[in-house]
Amino acid sequence: MKKISLASVLLLIAALMLSSVSLAAEPIKFGAVNPLGDITGFQTTRAMELAVKEINEAGGLLGRPVELIVVDDEMRPEIGAAAIDRLATVDNVDFFVGGMGSGVHLAQVPALKKYEKITVWMGAASHQVEIAMGPDADWYFHLHPWDYQQGASYGQGWTDIANAHPEIGASRIFLAYEEGAFGTDSYLAYLDLYEAAKDGEGPYGQILNDFAGASFTSALLGGGDYRAMLRQAMDFDPDLFIWAGYDADAVPMVAQAMELGFEPPLFVGAPPGWPANFGDNPLSDGVILYGMWAPALKEVSEISNHFWNEYIKMHGHEPATYFAPLGYTNIMFLAEAIKAAGTLEKDAVIEALRTIEYESPIGAVLKIEPSNIISNQGFTSQKILQYIDGEQHVIWPFEYATSEIKYPFGR
Amino acid sequence: MLAAASKKQYLFIALLVIAAIVIGFWEPHALIYGIQRGSLYAVIALPLALILGILGVLNLAHGEFLTVGMYATFVLFSRFGVDPMLSTVPVTLLLAVVGVAVYLLTIKHVLKAGHLSQLLITFGISLVISELIKSIYTTQPRGVFTTYSYSSTTLAGIRFGTYEFLYLLIAVAVLVGLQLFLKKTRLGQATFAVGQNPRGASIVGINVSFVYLFVFGLSIAIVGLASVFMVPRVSIFPGAGTPYTMKSFALTAMAGLGNLNGILLAGIALGIFEAVVNAIPGGSGWSDVVFFGVLILVIMTRAIREGRR
Chain Y
17 MKKISLASVL LLIAALMLSS VSLAAEPIKF GAVNPLGDIT GFQTTRAMEL
67 AVKEINEAGG LLGRPVELIV VDDEMRPEIG AAAIDRLATV DNVDFFVGGM
117 GSGVHLAQVP ALKKYEKITV WMGAASHQVE IAMGPDADWY FHLHPWDYQQ
167 GASYGQGWTD IANAHPEIGA SRIFLAYEEG AFGTDSYLAY LDLYEAAKDG
217 EGPYGQILND FAGASFTSAL LGGGDYRAML RQAMDFDPDL FIWAGYDADA
267 VPMVAQAMEL GFEPPLFVGA PPGWPANFGD NPLSDGVILY GMWAPALKEV
317 SEISNHFWNE YIKMHGHEPA TYFAPLGYTN IMFLAEAIKA AGTLEKDAVI
367 EALRTIEYES PIGAVLKIEP SNIISNQGFT SQKILQYIDG EQHVIWPFEY
417 ATSEIKYPFG R
Chain L
16 MLAAASKKQY LFIALLVIAA IVIGFWEPHA LIYGIQRGSL YAVIALPLAL
66 ILGILGVLNL AHGEFLTVGM YATFVLFSRF GVDPMLSTVP VTLLLAVVGV
116 AVYLLTIKHV LKAGHLSQLL ITFGISLVIS ELIKSIYTTQ PRGVFTTYSY
166 SSTTLAGIRF GTYEFLYLLI AVAVLVGLQL FLKKTRLGQA TFAVGQNPRG
216 ASIVGINVSF VYLFVFGLSI AIVGLASVFM VPRVSIFPGA GTPYTMKSFA
266 LTAMAGLGNL NGILLAGIAL GIFEAVVNAI PGGSGWSDVV FFGVLILVIM
316 TRAIREGRR
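The listed protein sequences correspond, in order, to chains Y and L. Remember, our numbering sits 16 above the position in the first sequence when you count from 1. Remember, our numbering sits 15 above the position in the second sequence when you count from 1.
Simulated from the structure, these hints should not be mistaken for laboratory data. The beta-carbon is built from N, C-alpha and C at its ideal position, and this holds for glycine as well. You can trust all of the hints, since none of them are fake.
If you want the ones that stay clear, here's a sample from chain Y, every Cβ over 10 angstroms from chain L, calculated:
#1 E65
#2 D107
#3 N108
#4 N179
#5 S187
#6 D201
#7 L204
#8 H322
#9 K329
#10 G332
#11 K355
#12 I389
#13 G426
Among chain Y residues calculated to face chain L with C-beta under 7 angstroms, some are:
#14 G53
#15 D54
#16 E195
#17 S231
#18 T233
#19 G240
#20 A244
#21 V267
#22 A292
#23 N297
Construct the complete structure from the given sequences, taking the supplied hints into account.
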């Protein structure tokens, strides 16, 4: 009896030891570089933590747990570049993930090229990054649509909307752009699109007849008085008024337009992020925006609904920008590829990343295709969204639409 | 240090009025926007000028105190539903307390340490305030929307917003209040004396330390007052007040140290310049160039004239 008991105990210990192998195993390290002081980076990190938690609760990857190591880039290029070095040499991460701003990422490109680790980067939309990365980095995967892809997708969106709703026109477009690099690049891109549209070509070829633009100083840079620019827009009388500035411009822009009595049929804002609770402002109703995701997607997408609920459950606040589901996608996509590869061997994981498809909470299926320069580009289009009754809704692409477009604006 | 209106000032007023009439005929909106914005610049610059004139400290955290006032107004609005106009008294008082505390903890200890130390400490204060706000509220902008702040009227076929004329009223009220304080009250006269000659003031029994404390607290309170009236028209974020430090310093330098009346005039003049440049298609990017270009021109002209004397 005593011998049987001893054998049982030994067996039990052995079983426990075997079952805890995955927990005791060396973790697979994902090294993220995010701006933690900014809402985008803060929520991205929280979403990444959710993804890692779900992966580990499901047994990890290849029998090993996943560890997320996050370094704050403070939105400063030199710190972002140093973070890559630190993650590679001190933390010995297996993969690089994360990232927001193009300026920071441009500074990181040389360091990434030095280590040539598999990198699945979620942010940085500037085509300058693509130029800097070049065509030979087969280990580099970029998820966010490039700026030129975004412009093309908006043109496609407005063409589809105009075709579906003949009363909606976008033949006269006025672009208000902040005078920094972000806004000026947008203006130059629109000028190119307009030149192509004159010959009936490009994404706006079927709809755009006339285009004008005016710059303004963003509130973020000490401006915030848009009235002179808005008066120029009023004189142009556009079908579609679009402003390319920052979140700090959003409320004063709409409010000053109201003050002047400027109510274009389509009022579009294209900042990288929106102010907290913009939807609560009565002026937001009918404002159109570009983005990759809207909370309302949870009504039409199961994975979006899962992400929304689990994020709130884990962190106690709602995801506010599309960077949160994009951060979750970033980790999950890489994890799915590692699972599919069945190894951490570089070529196998690269091949898996190129072949798998991932249904993302962003509201699109993520699959890798070549873009203008790099061979591994993820998402290629943005969505057209609209604030309706205080909530962001998807109005295009139609397959993910959560509402009909509210038209015209402000009447 | 605090100079009275002079012949030059009247000449400047006459030129400003002529320019305003010409611009009013050419582009009336630019004139309206210029007066409104310029008045705001002036009301924010007045307290900076007061601190610089009396304490001799260039407060690089000036704009950050403005940001603190904005967030205080926002908190009262979002947590307790207090309309910004009703926040005037509590926020002004709060900023006065903040000013007094900051003075006692930091500024007081570097008054005799030289300008570099003063600049560094106020720069440090600005960073601390900014980072504290970021850590509490993140960088995402907040807003306080009230319909009255975007009300407009049409006069002679010209539609314009009316709220920002409050800035002119406040600027005049603050200016008149400061002048009355400096000339008609004992503490004001003591302040004037300290500004002229602190050592002399001390010898005749004026409590210079108290005057410094009072002036700093009063100035930051005025900043708080300005912030309350700005809040319904601006986005609130950690760097919202920062650009006003340089603009305030520019106005102070343009008006001449101690010339409080000149700050209002300089503010309106530069506000109109800025609005005219903005009204020209493609001119927006040049507004700061014009703003600081005019400043450089004025300071250089003054320096050359003084050099000839």
